[in-house]
Every structure is written in structure tokens, then in C-alpha cells.
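Can you build the whole structure from these sequences, using the hints too?
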Amino acid sequence: MLSFTNSYRLDSTSGVRLAVGLCLLAWFSQTAVAQPNTGPMQEGADVILNDRIDREVRDVTVEQKLGAQVSKDLPLINSLGQKKRLGDYLDGKRPLILTLNYSNCPMLCNVQLNQLAQSLEKAELQIGDDYQLLSVSIDPKDTDQRLRETKAKYIEQVPSHKNASSGWEFTRTTAAVVKKLADEVGFSYKYNSTTKEYAHPAMLAFLSPDGVITRYSLGVAFPPDQMKLALVEAGQGEVGGIVDQFVLWCYSYDPAENSYVAQSWKIMRLGGAVTIFMMFLVLLPYWVGDKGNPNTPKSRPEANPTP
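As numbered in mature numbering (1 follows the signal peptide of the UniProt record, and there is no 0), residues -34 to -1, 1 to 273 make up the sequence shown, in order.
You can take every hint at face value.
Beta-carbon label-pair distances, calculated as ranges:
| hint | residue 1 | residue 2 | range |
| --- | --- | --- | --- |
| 1 | 126 | 59 | 18 to 26 Å |
| 2 | 131 | 241 | 43 to 51 Å |
| 3 | 131 | 81 | 16 to 24 Å |
| 4 | 59 | 161 | 35 to 43 Å |
| 5 | 35 | 111 | 28 to 36 Å |
| 6 | 253 | 59 | 40 to 48 Å |
| 7 | 162 | 77 | 13 to 21 Å |
Everything labelled a hint here was simulated from the structure, so no lab data went into it.
For every residue, glycine included, the Cβ atom is placed at its ideal position computed from N, Cα and C.
Here it is, written out as C-alpha cells:
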């Protein structure tokens, strides 16, 4: 989801040409090869559950609430035992990836977070600089020690992200608070008293810097290009550079494909506009030169007829 950062220094012509080239490359790569989608941005997709949970509680799912605002005043406790609020992780500048897991999850959480860490390690956007991650435990019995151990496990998997330790936090809270947060993002889960495990879906919620839900990721596959597009979208102009915004403009989220897909009509329209602009730049010197040339027919003095 090419290193598109604010460090790009492009003049207007080269920047537009690069953006068009990237859009065309994305379009041709999608139309040339038709593959089954495994992208993470899904709507109405089946969720993956812990197979050890009884079948009668397998109705847990995610009700997507795009555009909903999460409560910033929800109390949390981080891995250091410090009291925080959800709003502390929404700074108005960086988007937030929210996950709901728990430290003693025997399978699904491990698979999900391992895959997430691998994807983030391949992506160019930096944890802590470009965006933040917040993992909230759905188990009120989670402890600070277990949160620290869980955090260390996944921070080790993203060594290229220098600020991952401060940008990816693991927190716990009370049963009532996590239930409220889960309801706000449409995340359902159930506790099985026999197995002492939670049935829950695998979900990422992408939040804008102000806490508005902009996109969901269901399942455990996180293609880096799709992750980047979701973060650029959630960043609302604060994440990535000019080229990133152009590329996002070339895409739109397609519920049928469960991913961001290149929009051919946008690419063709942009390509046509750039072609006209380039033709104008090529012809401009000739037009300016003709007007300033005293030997052009329009500027020659008329010869006086001889008597």
C-alpha cells in the first residue's frame, strides 16, 4: 500500500506524470491478471473464528459502522499500568488502527497479529510517525505483565519501525468499557465459561485522526498495498505525500471485490488531462516565440507602393 512520503519533492509536471504512471500501472496490473481477492478491506465477509469454541456461539461477527465516531473518553490502562483514555491515541494528526484481541487467546489473535506485523514490516508507512496502533484486550482479566509480554512479542517483528514501541500500544479495561467500545465499532464476541475462551472475529478498524471509522479489515490477510491505501484514506490528507493522494484518487473501495480497485474512468480522464497539458507545454514556446518575432507576417511593416 514505492515510498510515498512527504519527503517527495516533485515539480508540477514530473509529479503529475509520476502519479498518472502509477495509476496506469495499478490499472493494468489489475486488468491483466484476474485473481481471487484476499484483500483485507472487506464488507459482509465471513469472519474467522477460534475453532475450539463451541458451534452455538459462532454467530459472532462484525457490523460495519463506517462513519461512526468512537468515544474518546473511554478509560484504558496501558502495558505500563498507566491510566489512559482512548482519545490519548487520537491526536488529530495520525490515523489509528484499532484491534480487539486478548493476551491468552490460543490461536486466532496470534495468527491475526503475526500476519499484521508481517504486513506492516513490508509497508513503507512508519508506525508512530505516520499512524498509530491500539490493541484493546476484550478480557478484563488481562494483566499489565501479560500485555507487556504480548507487546514485546509483536514489536520484535517490526524492527524497521523505529518508533513502534511508542506507536503500538496494548491496553486493558473493564468488561463494561470494552463492551461499549466493541458496540461502537460493531465488534461482537462471546465468552465460553467451559473452555474459558472468547469467540470473536478477526478485525481491524481504521480510524481517522479524530476517531471516525473510515474502513474495516476482516480476516487475517493484510496485503501491504491495501493497508497503505486504507491508512492514506483514514489519514484524510495527513498521511503520505502528493503522489499518495493521486494514487488513492485513482482507486475506490469496491464492496463486491472486498478491496480497493483502480477506477479506469478516473485514470483515463486524468491521462487525457495530462496529455492536453503536455501538448500545451510543448506548443507554448512556439506561440510565445511567434508573438515576439518582429519578422512574423503580422508584425512586418507594410511596404509603401511606389508612385
